[in-house]
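K.L.:
Protein chains in written order, with our numbering: chain A, 1 to 669; chain B, 670 to 1006.
If you're looking for bench data, these hints aren't it; they were derived computationally from the structure.
Careful, some of the hints might be misleading.
Unchecked claim - Listed below are the simulated DSS-like cross-link pairs for lysine-lysine, each with C-alpha atoms no more than 30 Å apart in a straight line:
(1) Lys526/A to Lys457/A
(2) Lys46/A to Lys778/B
(3) Lys572/A to Lys632/A
(4) Lys778/B to Lys865/B
(5) Lys551/A to Lys866/B
(6) Lys551/A to Lys632/A
(7) Lys299/A to Lys919/B
(8) Lys632/A to Lys778/B
(9) Lys614/A to Lys197/A
(10) Lys299/A to Lys197/A
(11) Lys551/A to Lys865/B
(12) Lys919/B to Lys546/A
(13) Lys457/A to Lys632/A
(14) Lys876/B to Lys632/A
(15) Lys457/A to Lys299/A
(16) Lys457/A to Lys315/A
(17) Lys197/A to Lys613/A
(18) Lys572/A to Lys526/A
(19) Lys919/B to Lys866/B
(20) Lys551/A to Lys919/B
(21) Lys876/B to Lys919/B
(22) Lys614/A to Lys457/A
(23) Lys572/A to Lys442/A
(24) Lys876/B to Lys46/A
(25) Lys613/A to Lys572/A
(26) Lys46/A to Lys919/B
(27) Lys546/A to Lys572/A
(28) Lys315/A to Lys442/A
(29) Lys46/A to Lys457/A
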Amino acid sequence: MNKKNLVPAGASRRAVGVAILTCLGCGFTMINKTNAEDMKIGLSEKDYLGPLPTVLSATRLSQPLPEAPAAITVVDRDMIRASGARELADVFRLVPGFQVGYVSGHWQTVTYHGLADTYSKRMQVLVDGRSVYTPAFGGVQWSDLPLALDDIDRIEVIRGPNMASYGANAVQGVINIITRHAAQDSGTQVKAMGGSKGVREGYLRHGGAMGNLDYRFTLGHRQDDGFDNRNDSKRVSLATLRTDYRATPNDTLMLQLGLNEGPRGMGEPATPDNPTPTDNEHGRRINSNYQQIRWQHSKGSDEEISLQFFHNYHKSSESWLTPGLPILGGAQLPMDASVTAQRYDLELQHNFAPSNQWRFVWGASTRLDQVTSPGYLGTQQALSHRLYRLFANGEWRITPAWLLNAGAMMEKNDITGVDLAPRLALNHLINANHALRASLSKAMRTPVIFEDRADTKITSGSLLNHLYLGNRDLLPETIVSRELGYLGTFPQAHLSMDARFFHDRISLLIDTSLVPYPADNVGDRKTRQFMNGDTATVTGAETQIKYRPRKGTQLIFSYAYMDMDSGDQRIKYSRTAPVNSLSLLAMHDFGYRVQGSLGYYYADQVYYIDLPKKNIAAEMQRLDLRLAHLFKRGEIAVVAQNVLGDYQEYRRQNGFDTRWYATLTLSLQ
Amino acid sequence: MVWHTGNGIASANLIRQEIALFLGGCLLILLALLPPVAAAANILIVANVQDEAHAELIENLRTALSRDSNNRFNVRTIPLSSLENATQEEQNIPRGDLIVTIGTVAAQKIAQLKVSAQTPVLSILVPKANIDDIIRGRSGAANSGQQHSAVYLDQPLPRQLELVRLALPGYDEIGALFGPTSRMLLPELENAAANKKLRLRERIVRKSDTLATALTELLTESNVLLAVPDPLIFNPYTVQNVLLTTYRQKIPVIGFSLAYAKAGALMAVYSSPAQIAQQTAEIIILAAARNWQLPPPQYPRYFNIAVNRQVARSLGLEIPDESSLQRRLRQAEDGSS
Chain A
1 MNKKNLVPAG
11 ASRRAVGVAI
21 LTCLGCGFTM
31 INKTNAEDMK
41 IGLSEKDYLG
51 PLPTVLSATR
61 LSQPLPEAPA
71 AITVVDRDMI
81 RASGARELAD
91 VFRLVPGFQV
101 GYVSGHWQTV
111 TYHGLADTYS
121 KRMQVLVDGR
131 SVYTPAFGGV
141 QWSDLPLALD
151 DIDRIEVIRG
161 PNMASYGANA
171 VQGVINIITR
181 HAAQDSGTQV
191 KAMGGSKGVR
201 EGYLRHGGAM
211 GNLDYRFTLG
221 HRQDDGFDNR
231 NDSKRVSLAT
241 LRTDYRATPN
251 DTLMLQLGLN
261 EGPRGMGEPA
271 TPDNPTPTDN
281 EHGRRINSNY
291 QQIRWQHSKG
301 SDEEISLQFF
311 HNYHKSSESW
321 LTPGLPILGG
331 AQLPMDASVT
341 AQRYDLELQH
351 NFAPSNQWRF
361 VWGASTRLDQ
371 VTSPGYLGTQ
381 QALSHRLYRL
391 FANGEWRITP
401 AWLLNAGAMM
411 EKNDITGVDL
421 APRLALNHLI
431 NANHALRASL
441 SKAMRTPVIF
451 EDRADTKITS
461 GSLLNHLYLG
471 NRDLLPETIV
481 SRELGYLGTF
491 PQAHLSMDAR
501 FFHDRISLLI
511 DTSLVPYPAD
521 NVGDRKTRQF
531 MNGDTATVTG
541 AETQIKYRPR
551 KGTQLIFSYA
561 YMDMDSGDQR
571 IKYSRTAPVN
581 SLSLLAMHDF
591 GYRVQGSLGY
601 YYADQVYYID
611 LPKKNIAAEM
621 QRLDLRLAHL
631 FKRGEIAVVA
641 QNVLGDYQEY
651 RRQNGFDTRW
661 YATLTLSLQ
Chain B
670 MVWHTGNGIA
680 SANLIRQEIA
690 LFLGGCLLIL
700 LALLPPVAAA
710 ANILIVANVQ
720 DEAHAELIEN
730 LRTALSRDSN
740 NRFNVRTIPL
750 SSLENATQEE
760 QNIPRGDLIV
770 TIGTVAAQKI
780 AQLKVSAQTP
790 VLSILVPKAN
800 IDDIIRGRSG
810 AANSGQQHSA
820 VYLDQPLPRQ
830 LELVRLALPG
840 YDEIGALFGP
850 TSRMLLPELE
860 NAAANKKLRL
870 RERIVRKSDT
880 LATALTELLT
890 ESNVLLAVPD
900 PLIFNPYTVQ
910 NVLLTTYRQK
920 IPVIGFSLAY
930 AKAGALMAVY
940 SSPAQIAQQT
950 AEIIILAAAR
960 NWQLPPPQYP
970 RYFNIAVNRQ
980 VARSLGLEIP
990 DESSLQRRLR
1000 QAEDGSS
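So that you can see chain B by itself, here it is in the shape it has in the complex (with noise of 0.2 Å):
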């Protein structure tokens, strides 16, 4: 071997490199001799990457399946848009161990490919109105016999409804109105709050002309309203109208999303992309050692709460803080199930 000349540090950063080298090559002989032997599992990610939420989720996603320890995954990311002239019969879908759809799109477009029948199927970052459907409509398909499960957006509504009995002590007459979209939730939200021992008043409200008639007749008889995801009832057009009425009837609203805190809801229970990414980090790492068996569809498992200030204060009310609520929250959904 021939020493360069040149300065020390030099020459002692290179003696360095080697070392280094020289063990790397010696954990990479010692790894591939380690027992259960995983092969690295192939990870497909669907999405379109050019939304930051699923670019955050993707990150995140990526992150905690480097974590563990156990499996190796290839994460391997397909943009959306590289789908989008595909047909049926193409197969242009690299083969992989798991495919993980982020978004309702991207849901739809890996149900009508014809991939290949065997690679199961994770669906997040969808809301469970559109995903059931899917998975429903898949059913009398050709490729029904794919696994097909999914980490939904909405939170379960146990959960809100604890929430409210948490931060609202008192406020028993619930109030929710329910557009083409969400009248299936009624009897689930029924049962719910039969359940917690709250009163459920609602409406249904079949075309948008009716909204302003229906909220202002539901508000007479509830004491805090519920907002169930319907784009036909909660859209940025319509959330002025439902914050500015609720607000001047001093009636809180409890929304589904960040957003809905920040525009003047009084509180919202959701969960962050990170979340998401965690828990279907943890639905993967159980799957891989399941032989990609898949649990069935379920609920965010980790949430976060937001509470606007401003709107607690100017409406009179003391809300505890949000990591308290969190966590008795979180107590009571461990002590019932």
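In isolation and in its complexed conformation, chain A is listed as follows (with noise of 0.2 Å):
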């Protein structure tokens, strides 16, 4: 596991600007003479004598799971091909007690353990320590990541609370996407994708080296229609960078840029199944672009320390005319959903093992989130919330089988004030191929603006109508998280498994309740304002097997049992978590350079919180296949989605039909 590989900021901009020009300074001055002299003569003994950089160092390494604190399931970029995946959410499909939701072609809504809706806020989202979950309304818009699949080199997925390492939002879980080092990727790759739905992409990737510099970059165009019957195409245009750049055999500094821009097809026009009578059809612009800067120290590879910043803006720009509203007389009425978000943060970590029986990771950061929306805010003010937070996490080895594995996290911000989130868990190693895992832990969700502070109205001259209003005595919701795992392989079966038994309370879970009007004096006109409310847990058991009978073959099987309870008073929340849910991935080498795949996926129920009951989509079954021929230069690859017919995604009406693309993947040299 990277054991906290993020972290936030928030900080002034002078100190951030300070921090980025102390980065670039020790990058710059401390270029390294090239070794072209040495390399002339052949090998020379500074191969053997001299230093090397520290690759392999202690948050680039993964923790081996049965000493992890918490269960992990690692999707490899393998599995990732093999499931055919074009969308990263799908990829999540993959993983014990995850949900994935189409809310439109290009919105995807993933959960853990229920409880979600259009936004999924309570899953921590890092790409390569950055994270993304938006600040307006929490979770992620996948779509609009500037990050191409091909880029990615692992996702480790955290399931089950871990804000004593992650912070703010790990509540569900922690989901950790690994970029690709620049160092992996040399040449020039090109990609070109077809398919049903409109489905068309291209994509050029270019790495290599100058010196003691690796880089990459990937340009990329991606584009389909959505679903049938809506207006929810996409147009994606994605621009990448990242450098690697070792200024010392102990310093590196790595820089990302990314850039995602285009058009999304949006809204519905009024029908009955549209609860919302100023919905029509319109488009939005998205423009979502960041820069992020880490600076590494490491000393061997017992310690290290990291500075990193970054910053993320989304701009997302929609506006449309309403149908003819009654109320009006059939006039229609301007809307504006624009929303910008930004989030700027600076994080210090230092991790180092002073024993073989000790390890320790602290650190600090700061962060500010700043979100403009006069449709959703009621004011044109840039709105912005703080985060502060100090964070420690100690392993313990007692014994060569016992492990102790203790953290927590302090966190001010200022909307809640000062939260701390402990966690504690016990590891045994039984034997080898055996350990079982105890652990508890707590952590808050911090209400994101929109809670805090939403003022949506809708106004023509007078106003119409008061849809949602911030709380601003909001409390964060609150998990305790208790868990008993079991990993085991068994060597001679190939086979390897993990599996736990939870038991997690969400409290004080933040919802809306209908309220009077602020500007009414009679309380006949109701407004949504966010208030704390229920309560939910969640028990049950999951699992993941992974069976590899011989090279080139390899089952992974995954099973989550959900049992969810709430008072259910304005929500249904024990209906948010599918009871059954599974997925199988089988990949086989036919030989001959052909390789095929197979991803089959099953789960109950499940009702999104922002959907009416009558749109609530059926229990959904779906299989994927893939086959791929090799050559030397390349791959070409065909794929087909749901060849067993028809389901609902996220809602009654998004219906998922069997869709194919094809691909075709070449390296230059």
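Using the hints, put the two standalone chains together into the complex.
P.N.:
Right, dumping it as structure tokens:
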């Protein structure tokens, strides 16, 4: 596991500027002379005696799963490829206990253990240590991430809360996406994809090195038409750059830039299925970009210091005219739902292992989230949310067979003040093949800016409708999670498995209650105001089994059983997780450079919180197939998604029929 | 003799000095009279004195030689820089019984200079590929009669393979990448692997841009990667890719230097400059007794094992501690020789 790969920020601009200058300064003054002279004479004693960069440093090494303080699922490149996924969100169907729903063709909600709506607010999602959930509403806009699937090295999913290591929002789980080091890709790769639903994609990736600097850039374009009969197409222009610069053998500087831009189809005409009378088909323009810089200093493999700064910018511009509204005598009303969200984050982290028995990580970070949305927040001003964090985690190997992990994070934010999130895990390694784990943790979800400050009104001269009202007195949602885990490998049977039993209790859940309009003196008109309310518990078990009977053949099976319970006072929380869900990924190498794979997914019915009951989708099952032929310079592949016939994605109206696409990948030298 | 007035302590010290001088003089006379009468042997060390490893080695070599009770060694260091502009004809190297060169450049330089043809040369801290070339290159030259031996910087291949056997039982598919420099080691490694009942998987890389492809292919067939020194394949620029790629596939790497173990290889067997100095001193002492007849070029006798515990742990491997591996490895070598 990457112990805490991330961090936050919100520093003053001045501090940020200084940090960047410091980083660049150390980078550029420490430029190494090239070894060109040594190369000329071939081998040199420097090859044996000279220093080398610390490549596998504490933060890059993953913790062996039996020793990790939480259940972790690793989805690697091969699994992503074999799954045939075209959207990153689909990959999470492979993780036990996860649900994926397509709100529309370009909007996916990814949840673990229920409580989801259009925005899945209770998950921390990091790309190379950069927190990407939106500060406006929570949740991740997966299709808007400046990230190409092929640039991902692996995804580590921590199932369960881990705020002590990963901070706010790490309530239900943590998704840690790790992209490939720039040195891992050299040369030029082009990829073209085409298929049903107007799927067209093209990518150009190029990696190279200049002295101590490795770089990779990716340019891409993707588009599709989304669901049939819906205005939910997307066109995405994508550009990312990653450079890894080795300033000295022990200092590296990583710089990343990314951009995701293009139009998306939004809205639906007023129909009986559409509960929003002001909705109409329209366009949304996305401009999402980020800048990230990280300096890492290693002292051997046992100690490392890193300093990171990043900035995320996400602008979603959308305005439209409503259909003729009866209340206005059939007149149309202009609407504006544009949102601009930014995050500035600065983090310092120190990992060290003073002995074989002890390992520590601690750090501090500061973050500034800013959202501007006159439509949703009722002000032209940018509203901001500051966050300061201090965290520490220690691992104590009491005996070779017993391991104690303890950590805590103290967080101070503008909305709820100071929160403390501790966690404790005890691992027992019974022998080389079997391990047990027990853990207890507490985590908090700080309200997002919309919940805190919403002021969403529809006006036409006078106030027509007050849709949402924030609540400045909200308390953080609080989760207490208990689990028992088992990890086993059975080398004779070529099998490994992980199982866990869990009980999560989430209290003070934030949802909306109807209250009188604050502007009205009489209480006959109501608005939705955010309130702390219900408690929900999830009790269940989940497992993941990997079976590798021989080289080239692999089966990965996952299953989760969830029993959700809640007062269900305002919302039927108890139905927001599927009782049974499973996935199976089978990969086989047929020889003759032909590889095939199969992905099967099943989930019981899920009630997404913001859906009217009549729109709830039925249980889902889906079978995807992929066949690939590899040749010297590339690969040709065909994917068929959902060959079993239609099912409903997220809601009854989103029919997912059989889709197919083909890709051609070529490596140029 | 006039006694100085002064305090008693100073006077007492003076008396002690006088006595020490007298005794020292007697000792010198005695030593001079001792039978085998080794006249001081002149050892010339040609090295890059600015280099830390060279300096450390020289220091250790001096200490080791001074401990020898049978010989008196006059060790003199000639900075490589002072030979930089020397032409072949120049004979500005003082006379000596043995020239020790440290590093490839010094070995090359001395091989080019027409130093008194009778002075044997011992090259240390040199990669095997380099020094074999230099020695071979001299055989036709004018000073071919000169003795030239070496202590390689490389570890013997069987030692590295034995380490795999001891530390990673069951890892019997050894992957190795060869480049233009290391290619000639392939037959030797094939042999060594066959002797240890290990299967060798290899790829030969001719150009650096095919390294990534070759590595990826190789890793599908191997369960451990043995790093063989070659500047095309293993250098500070490629190490990122090699270590990250192998780590992602959970394939341990056996490095050839301490730096490798620190950078992220699972382990490495290597010899420190102090260990090379120890072996060099032993060779010199033996040669001094044999009229400066040098043994043939040899591999390092003393070695260390470094295990990167964090990497081992992350790969889920239980590796015995370094000292026990070292002991068992030495036993295995003693048993087979």
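K.L.:
Against each hint, give a clear statement of whether it holds in the structure.
P.N.:
Going through the hints against the structure:
1. Lys526/A to Lys457/A: Roughly 12 Å between the alpha carbons, so the hint for Lys526/A and Lys457/A holds.
2. Lys46/A to Lys778/B: Within the cut-off at roughly 18 Å; holds.
3. Lys572/A to Lys632/A: violated (55 Å)
4. Lys778/B to Lys865/B: Roughly 39 Å separates the two Cα atoms, so the pair is violated.
5. Lys551/A to Lys866/B: This hinted pair holds, its Cα atoms lying about 22 Å apart.
6. Lys551/A to Lys632/A: holds (21 Å)
7. Lys299/A to Lys919/B: holds (23 Å)
8. Lys632/A to Lys778/B: The given pair, whose Cα atoms are some 46 Å apart, is violated under the 30 Å limit.
9. Lys614/A to Lys197/A: holds (27 Å)
10. Lys299/A to Lys197/A: Status violated; Cα separation ~52 Å.
11. Lys551/A to Lys865/B: holds (24 Å)
12. Lys919/B to Lys546/A: Roughly 16 Å between the alpha carbons, so the hint for Lys919/B and Lys546/A holds.
13. Lys457/A to Lys632/A: violated (60 Å)
14. Lys876/B to Lys632/A: Measuring from Cα to Cα gives roughly 17 Å; hence the hint holds.
15. Lys457/A to Lys299/A: Status violated; Cα separation ~56 Å.
16. Lys457/A to Lys315/A: Measuring from Cα to Cα gives roughly 21 Å; hence the hint holds.
17. Lys197/A to Lys613/A: Given that 30 Å is the threshold and the Cα spacing comes to 29 Å, the pair holds.
18. Lys572/A to Lys526/A: holds (21 Å)
19. Lys919/B to Lys866/B: holds (23 Å)
20. Lys551/A to Lys919/B: holds (14 Å)
21. Lys876/B to Lys919/B: Between Lys876/B and Lys919/B the Cα gap is close to 26 Å, so the pair holds against 30 Å.
22. Lys614/A to Lys457/A: holds (26 Å)
23. Lys572/A to Lys442/A: Within the cut-off at roughly 24 Å; holds.
24. Lys876/B to Lys46/A: holds (21 Å)
25. Lys613/A to Lys572/A: Between Lys613/A and Lys572/A the Cα gap is close to 10 Å, so the pair holds against 30 Å.
26. Lys46/A to Lys919/B: Measuring from Cα to Cα gives roughly 28 Å; hence the hint holds.
27. Lys546/A to Lys572/A: With Cα atoms ~35 Å apart, Lys546/A and Lys572/A exceed 30 Å; violated.
28. Lys315/A to Lys442/A: Violated, because 33 Å separates the two Cα atoms, which is more than 30 Å.
29. Lys46/A to Lys457/A: Outside the cut-off at roughly 70 Å; violated.
Checked against the numbered hints listed earlier, the structure breaks hints 3, 4, 8, 10, 13, 15, 27, 28 and 29; every other hint is satisfied.
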